[in-house]
Amino acid sequence: MALTMAAIPWGVMAILLPLAGAMACFLSPRRASPLGLITALGVVACAAGLGWQVAEQGAQRYAIGGWGAPLGIDLYADGLSLLMLMVTAVVGLGISVYSSGYFNREKAVNFWPLWMFLWSALNALFLSADIFNLYVTLELLGLAAVALVALAGGADALTGAMRYLLVSLLGSLAYLLGVALLYHSFGCLDIALLAERMEPSPAVMAAMGLMSAGLLLKTALFPLHFWLPPAHASAPAPVSALLSALVVKASFYILLRLWLDVFPVTAAGLGQLLGLLGAAAVLWGGLQALRQTRLKMLIAYSTVAQLGYLFLAFPLGSNVAWQGALYLLLSHALAKAAMFMAAGNILCFGGHDRIADLDRVAQRLPLSLAAFGLAGVSIMGLPPSGGFIAKWLLLEAAMRSGQWWWVIILILGGLLAAAYVFKVIGYAFTQAVMTHEARAVPATMEWAALVLALVAILLGLVAPWPLALMEIGLPFGGEAAG
Amino acid sequence: MKKTMNPKSMTESGKIRTPFRLLLMVLLSALAAGLGYAVSTLSSQSPGSGEWVAANLETSGVSNPVTAVLLNFRSYDTLLEMGVLLVALLGVWSLGGIPEQRESSPGPVLDTLSRLLVPVLILVAGYLLWVGAHAPGGAFQAGSVLGAAGVLLLLAGWRLDARFAGLPLRITLTTGLGVFVVVGAVLMLVGRRLLEYPPSFAGALILLIEAAATLSIGMTLAALFLGSRPEAGPDR
Amino acid sequence: MSHVFLYALVGTGLFTLGLYALIVHTHLLRKILAINVMGSGVFLVLVALAARARGAAPDPVPHAMVITGIVVAVSATALALALMVRVRAETGRAELSEERPE
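Heads up: the protein sequence lines correspond to chains S, A and C, in order.
Sequential numbering from 939 applies to the first sequence in the numbering used here.
Sequential numbering from 2 applies to the second sequence in the numbering used here.
Sequential numbering from 9 applies to the third sequence in the numbering used here.
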């Protein structure tokens, strides 16, 4: 068989490689860190390969086992899943580099296999086209994430992990019941086939409600966000980064797929409800972030707020709105990972993350603060950054569809974000009441944070390319213009 | 530093107050009614993939339809599920272990029963593994029985020798997922798709994967029961 | 097919009962048990509706889904129980210290 670029199943390799890496790290704990880094580079190569494949040949469908739906499971890569995979690859590489400097030997032995399994679960999730397979990947993702949160030890992290686990299981079970109802209504589990056979019925409505509720719980949409700040704030810094950047987006991705493909969004009321909850999340998360005294809690509440923006696309429903939401997802992943990494550097440096006691971190950790600042630019939505492009698209969609009330939310959200970002930066320039013993921060950690923040800014400059990539396979419906 | 919220809905002891319980009961009764109604509309003959499975059963390598679905048509799900088991064990091990409470030596009943039952359980596991090709049975069922044998042994006070508790144990735990991934990868290398068994070898490949999986599942379940990472000998 | 409906109804009933117990009880072990009950409810719905006419073989795909689901549930329960023991060791009580307002 000709091993041309086009023939290699890059997507499958993106799933199998981290699994192999995880097992290798588990079997050979002494070399866990280098093995993990090599696997990370391999996965980035697979993502690039898949990107090339999709860009050249359009959306790809791969029938595992050769059977094809409805008998077997299909993998499907269009622009949407490709972009999710690519941002996971970039952020994942950054986190891998960061973690090689962050964890001591003992913790690293436990971290790397779990992180590789989580990465494999993410890739499997983004490429899956089968609703039951999505359940299995969700569970793999959830268990790995919980175990990673608990790595920090201590009462806060363990309680946060326990709550996170219970929430995750509840969400998955609600989703599974929806899967059961859908299967027994239409006899298939493949998303494309379900879309063909879909007709409204009480069972479908129940399934839509259950699956949405479960996935919204896992995506921490207000008011179901209660579990997120404790879990994300008490986890080790690289784990917080991957949770906020990637894991919560996975359930959002599934929700998006279901809404776009399986359940035609005819109920305008439900879209408005989601938009309303999203707006509440933006405001509530922003206000709570301002009130925090600890840096990681502030960043965690910022995640709650930013996730709210994603749901503003549901009432708007136009192509531009979906593009804006997706762009926000991408930029937020990069920016939030950079922020958590910078916070981790500050924590490592000073031994604490109390905002009021940041003690001229600006002078002593300039790279980390630069990373935080640049990430903040994207979170605030200032040009030039990915966040700015995303908000611009959402504003445009809101104005075009005449739903101007969302514009107010976008502006208020931006102001709140500016407030809490500048709060942190302000304290980083001033001297604290007591100076603290400083510990050296490895250069890899600082550079990893800075590079990710720079990519978030870069997204603002190269906007046409990801936007064009998004449209491959027309995941957002048939509108080619806009 | 730890904020303990005490919302109005909580009493001193932390239990939820009655008005909220009643509200919750009303809401959940509505949910139950809705779900019940939705399910009632499904009870008539529902379509399914059953005909597809029956049509392709001969080329699947086994004659039990459930095993065919689990190990052939939807083997990718099973692969990921082996990953889930391993991740759970990794998580439990990373928590640092539960301090072991050594009780006094097991009483005569447990002692005798474990000696009698464990070999039987291992035999039953082997039988279930073999029979899964044409009757209810298979890797997970056999693995569970093997895990039960492990639990019985652990309850009777047996512990894994330190020489085997390091790399050999880890190898046993990963063989299930490992064999699955290797088979899938090799099939891709010879030009087929992931996990696309050639019909002539399908039965043999399925048995191979199931055997490795049985071993791993049994070990994983027993290790999960033990809760803490067994102390290994000299680090290999 | 009324017995199919009965089993499926029991399944949804278990799901709702489990959800109630999950929210109401504060002890972690009860929450974990509640999750298991909910899981059993979902599996019951899957298997019950897989029945076909008397004498004909049932639909095997839901059965396979339930087997997968059971393994996942066992893994998750194991992790949850180990976490619960650690939470108790760290905080002295097997409860989540910050109860969400409900």
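Among the hints, erroneous ones may be present.
Stated by the list, open to error - Just a few of them, taken from the derived set where beta-carbon distance is under 10 Å, the chain S residues facing chain A:
hint, residue
1, Met951
2, Leu957
3, Pro972
4, Ser1139
Claimed, not checked - Negatives, chain C to chain S, calculated, CB over 12 Å:
hint, residue
5, Ser10
6, Ala61
7, Arg62
8, Gly63
9, Ala64
10, Ala65
11, Thr76
12, Val79
As the list claims (entries may be wrong) - Under the rule of at most 25 Å between Cα atoms (straight-line distance), these lysine to any residue pairs were calculated in the SDA-like manner:
hint, chain 1, residue 1, chain 2, residue 2
13, S, Lys1045, S, Asp1016
14, S, Lys1045, A, Leu28
15, S, Lys1045, C, Arg96
16, S, Lys1045, A, Phe226
17, S, Lys1361, S, Leu1305
18, S, Lys1045, A, Leu170
19, S, Lys1361, S, Gly1340
20, S, Lys1045, C, Leu25
21, S, Lys1045, C, Val93
22, S, Lys1045, A, Gly167
23, S, Lys1045, A, Ala223
24, S, Lys1045, C, Val45
25, S, Lys1045, C, Ala97
26, S, Lys1361, S, His1290
27, S, Lys1045, C, Leu17
28, S, Lys1045, A, Pro169
29, S, Lys1045, A, Gly228
30, S, Lys1045, A, Val152
31, S, Lys1045, A, Gly179
32, S, Lys1045, A, Ala33
33, S, Lys1361, S, Ala1406
Because the hints were derived from the structure by calculation, they are not lab data.
For clarity, every value in this text was computed on a predicted model and none was experimentally measured.
Just so you know, even glycine gets a beta-carbon here, dropped at the ideal spot from N, CA and C.
Structure-based check of all given hints:
Interface hint at S/Met951: satisfied, since its Cβ lies 8 Å from the closest Cβ of chain A, which is below the 10 Å cut-off. Taking 10 Å as the C-beta cut-off, the interface hint given for S/Leu957 holds, the closest approach to chain A being about 6 Å. Of the supplied interface hints, the one on S/Pro972 is violated, with its beta-carbon coming no nearer than about 18 Å to a beta-carbon of chain A, more than 10 Å. A distance limit of 10 Å between C-beta atoms decides the matter here; for S/Ser1139 the minimum to chain A is near 6 Å, and the interface restraint holds.
Non-interface call for C/Ser10 relative to chain S: holds, since the shortest CB-CB distance, roughly 16 Å, exceeds 12 Å. Listed as a non-interface residue, C/Ala61 keeps its Cβ farther than 12 Å from every Cβ of chain S; the least gap is roughly 16 Å. For C/Arg62, the non-interface assignment is confirmed: its Cβ lies about 18 Å from the closest Cβ of chain S, beyond the 12 Å cut-off. The Cβ of C/Gly63 lies farther than 12 Å from every Cβ of chain S, with a closest approach of about 20 Å, so its non-interface assignment holds.
Separation of C/Ala64 from chain S is adequate, the least Cβ-Cβ distance of about 15 Å exceeding the 12 Å criterion. Distance check for C/Ala65 against chain S: the nearest CB is about 16 Å away, which clears 12 Å, and the non-interface claim stands. For C/Thr76, the requirement that its beta carbon stay farther than 12 Å from each beta carbon of chain S is not met, with the minimum near 6 Å. The non-interface label for C/Val79 is inconsistent with chain S: the shortest C-beta to C-beta separation is roughly 10 Å, within 12 Å.
The suggested pairing of S/Lys1045 with S/Asp1016 is violated, with an alpha-carbon distance near 37 Å, which exceeds 25 Å. Restraint check: the Cα-Cα separation between S/Lys1045 and A/Leu28 comes to about 44 Å, which exceeds 25 Å; the hinted pair is violated. Simply put, S/Lys1045 and C/Arg96 have alpha-carbon atoms about 22 Å apart, close enough for the 25 Å limit, and the pair holds. At roughly 23 Å between alpha-carbon atoms, S/Lys1045 and A/Phe226 fall within 25 Å of each other, so this suggested pair holds.
Using a Cα cut-off of 25 Å, the hinted pair S/Lys1361 and S/Leu1305 holds, with the two alpha carbons roughly 18 Å apart. Distance check on the hinted pair: S/Lys1045 and A/Leu170 sit about 20 Å apart at the alpha-carbon level, within 25 Å; holds. Taking the CA atoms of S/Lys1361 and S/Gly1340, the gap is about 34 Å. The hint is violated against a cut of 25 Å. With a CA separation close to 39 Å, the supplied pair S/Lys1045 and C/Leu25 exceeds the 25 Å bound.
A distance of roughly 20 Å separates the Cα atoms of S/Lys1045 and C/Val93; the hinted pair therefore holds under the 25 Å criterion. Our distance criterion of 25 Å between C-alpha atoms is met by S/Lys1045 and A/Gly167, whose separation comes to about 17 Å. Distance restraint check for S/Lys1045 and A/Ala223: the Cα-Cα separation of roughly 24 Å lies within the 25 Å cut-off, and the hinted pair is therefore satisfied. With a C-alpha separation of about 34 Å, the suggested pairing of S/Lys1045 with C/Val45 is violated against the 25 Å cut-off.
Restraint check for S/Lys1045 and C/Ala97: the C-alpha separation of about 20 Å stays at or below 25 Å, so the hint holds. For the given pair, S/Lys1361 sits about 17 Å from S/His1290 by alpha-carbon distance, which is consistent with the 25 Å threshold. For the proposed pair S/Lys1045 and C/Leu17, the alpha carbon gap of about 47 Å is over 25 Å, so the pair is violated. For the proposed pair S/Lys1045 and A/Pro169, the alpha carbon gap of about 22 Å is at most 25 Å, so the pair holds.
The suggested pairing of S/Lys1045 with A/Gly228 holds, with an alpha-carbon distance near 18 Å, which does not exceed 25 Å. Between S/Lys1045 and A/Val152 the CA atoms are separated by roughly 28 Å; this puts the pair beyond 25 Å, and the hint is violated. A threshold of 25 Å between alpha carbons decides the hint, and for S/Lys1045 with A/Gly179 the separation of about 24 Å falls inside it, so the pair holds. Simply put, S/Lys1045 and A/Ala33 have alpha-carbon atoms about 45 Å apart, too far for the 25 Å limit, and the pair is violated.
About 37 Å separates the Cα atoms of S/Lys1361 and S/Ala1406, which puts this hinted pair outside 25 Å; it is violated.
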